[in-house]
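Turn these sequences into a full structure, and let the hints steer you where they fit.
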Amino acid sequence: MTPAVLILLAVTLMVVHRTDAVPVEKLRVMMADAAAPVMAAISQPFETLADSFSGIKTMRQLKAENIRLKAENERLQQWYDAALKYQAQNKSLQDLLNLKADPALSFVTTRVVSDPGGSFVKSVLLPVGSGDNVAKGNAVMSGRGLIGRVTEVGNRSSRVLLITDLNSRIPVIVQNTRTHAILAGKNTDTLRLERLPIDSSLTVGQRIVTSGDGGQLPPDIPIGTITEVGPGGIIVQPLADMNALTYVQVINALMDRALVTGEITPEAPQKHIKR
Amino acid sequence: MTFKADEGWEEPILTMLWRWAVTVFVVAILIALSAFPFHIGDFGEIRPSFMIMAVYYWAVMCPPMLSPLAAFLSGAAFDLLTGLPFGLNAMTLVAVQWTTRAQRKFLLGQPFLVMWVGLGLVSVGAELLQWGAVSLFNWAVMPLESNLMSALLTTAIFPLAVLPLSIFNKPLADRNSPL
Chain A
1 MTPAVLILLA
11 VTLMVVHRTD
21 AVPVEKLRVM
31 MADAAAPVMA
41 AISQPFETLA
51 DSFSGIKTMR
61 QLKAENIRLK
71 AENERLQQWY
81 DAALKYQAQN
91 KSLQDLLNLK
101 ADPALSFVTT
111 RVVSDPGGSF
121 VKSVLLPVGS
131 GDNVAKGNAV
141 MSGRGLIGRV
151 TEVGNRSSRV
161 LLITDLNSRI
171 PVIVQNTRTH
181 AILAGKNTDT
191 LRLERLPIDS
201 SLTVGQRIVT
211 SGDGGQLPPD
221 IPIGTITEVG
231 PGGIIVQPLA
241 DMNALTYVQV
251 INALMDRALV
261 TGEITPEAPQ
271 KHIKR
Chain B
1 MTFKADEGWE
11 EPILTMLWRW
21 AVTVFVVAIL
31 IALSAFPFHI
41 GDFGEIRPSF
51 MIMAVYYWAV
61 MCPPMLSPLA
71 AFLSGAAFDL
81 LTGLPFGLNA
91 MTLVAVQWTT
101 RAQRKFLLGQ
111 PFLVMWVGLG
121 LVSVGAELLQ
131 WGAVSLFNWA
141 VMPLESNLMS
151 ALLTTAIFPL
161 AVLPLSIFNK
171 PLADRNSPL
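Chains as they are written, first to last, in the numbering used here: chain A, 1 to 275; chain B, 1 to 179.
No wet-lab data here; the hints were simulated from the structure. Here the structure is a predicted model, which means the values were calculated and not measured. Here a beta-carbon is modelled for each residue, glycine too, at the ideal position from N, C-alpha and C. Possibly wrong hints are sitting among the right ones.
[To be verified] Residues from chain B that keep clear of chain A, each with C-beta distances beyond 10 Å, as calculated:
| id | residue |
| --- | --- |
| 1 | P12 |
| 2 | T15 |
| 3 | W18 |
| 4 | L108 |
| 5 | V114 |
| 6 | G118 |
| 7 | L165 |
| 8 | I167 |
[What the hints assert, rightly or not] With the C-beta cut set under 10 Å, the calculated list includes, among others, these residues of chain B facing chain A:
| id | residue |
| --- | --- |
| 9 | A35 |
| 10 | A76 |
| 11 | G87 |
| 12 | N89 |
| 13 | M91 |
| 14 | L136 |
| 15 | P143 |
| 16 | L144 |
| 17 | E145 |
| 18 | N147 |
[To be verified] To give a feel for the contact side, a few chain A residues facing chain B, derived at Cβ under 7 Å:
| id | residue |
| --- | --- |
| 19 | P3 |
| 20 | A10 |
| 21 | L13 |
| 22 | M14 |
| 23 | H17 |
| 24 | R18 |
| 25 | L27 |
| 26 | M31 |
| 27 | A35 |
| 28 | S114 |
| 29 | D115 |
| 30 | S119 |
| 31 | F120 |
| 32 | V121 |
| 33 | N187 |
| 34 | T188 |
Shown next, in the form of structure tokens:
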């Protein structure tokens, strides 16, 4: 086949993908199922190597880091004490109101085995699939906040569309005012807040969390903080470092809805770590 | 027993099978290298394109190593693995190979510096082509800065990639290619 024919074929494939993504998704799932376990196995030595390089620090850097960590530890200890106090207060108020609490979420912890894909698409591949109870629509978190949701699931792999992708739309609320909005990705490191009520007043520093609207994502998962309010729109900085995702948690909210309706036997929150 | 390719060169069947095996092996490594989450310092989404380096290098130094169809399939596999629009890298790699092979006779007689500059121009062109295609695909103007930075990074590390790439084409280099 000549290069001109191949280029024409590639353009045709892109047009087909644009008009009907389902066949391409099936191909991607097959490819990911085949590649994810291999990539997970061979990415381990690379990760160890990268860890070793980043672990090399001078005494001066270590001293500075030690001082910073000690100060942070003291600050966090104060927050921990406050959290315990509020937890006890919260429980007693819930008992007083006879409130039915949200069920505990089950999750799978796993390693990211592919790069976020440059500036054209923001997605990552995980070596967990339907065999690990991962389902389409599940929320995915790093240690600091929401990073995306599962869009394709195979037997042994799943693809996560990151919140920074151009096609990502997440229903959110501003944590302290409970203002509803949509958080949109724009293929850069930051996000844009859209569909806000006309009378909403926002300020820099406010936290954005999931609203739980639509039932796909659990409510109150932290996502980011507002960093800019101006004519250019309301810009949100994600809490998670989207360019350095290593380990993530897939939150199985769909399974928990079944648990609430009594379709499966309630039991302790499931924690499953897959390396 | 010999194999006669569309392009006009002939080779023993065993040599052809060996070449295909080596090509598949090297391309699989390059795709894995391009898709791995390396987390290199503060580079973020700026990543070198190992596939463009290989396609360019082999189009000049050893065209039988990667046919246009092999470049197309490699690009398609990379698109499926990374979640990019299906056909984007297939189109880009074939375009890179086509353009480079058209300049092969000129590039072969030049010092390495000229070949290096050529790679720079080709990788910037490839990034612009991808940017245009993805902007049309999404019907939105995509950010371009990090892709141009990626093209610069691809160019910067090309001399380091030449040595490992040349190892694979040495056994084929002695053969007189009519291309």
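Hints, verified against the model:
no., hint, result
1, P12, "holds (24 Å)"
2, T15, "holds (22 Å)"
3, W18, "holds (23 Å)"
4, L108, "holds (19 Å)"
5, V114, "holds (23 Å)"
6, G118, "holds (18 Å)"
7, L165, "holds (20 Å)"
8, I167, "holds (20 Å)"
9, A35, "holds (5 Å)"
10, A76, "holds (7 Å)"
11, G87, "holds (3 Å)"
12, N89, "holds (9 Å)"
13, M91, "holds (4 Å)"
14, L136, "holds (9 Å)"
15, P143, "holds (5 Å)"
16, L144, "holds (8 Å)"
17, E145, "holds (8 Å)"
18, N147, "holds (6 Å)"
19, P3, "holds (4 Å)"
20, A10, "holds (4 Å)"
21, L13, "holds (3 Å)"
22, M14, "holds (4 Å)"
23, H17, "holds (4 Å)"
24, R18, "holds (6 Å)"
25, L27, "holds (6 Å)"
26, M31, "holds (4 Å)"
27, A35, "holds (6 Å)"
28, S114, "holds (5 Å)"
29, D115, "holds (5 Å)"
30, S119, "holds (4 Å)"
31, F120, "holds (5 Å)"
32, V121, "holds (5 Å)"
33, N187, "holds (6 Å)"
34, T188, "holds (6 Å)"
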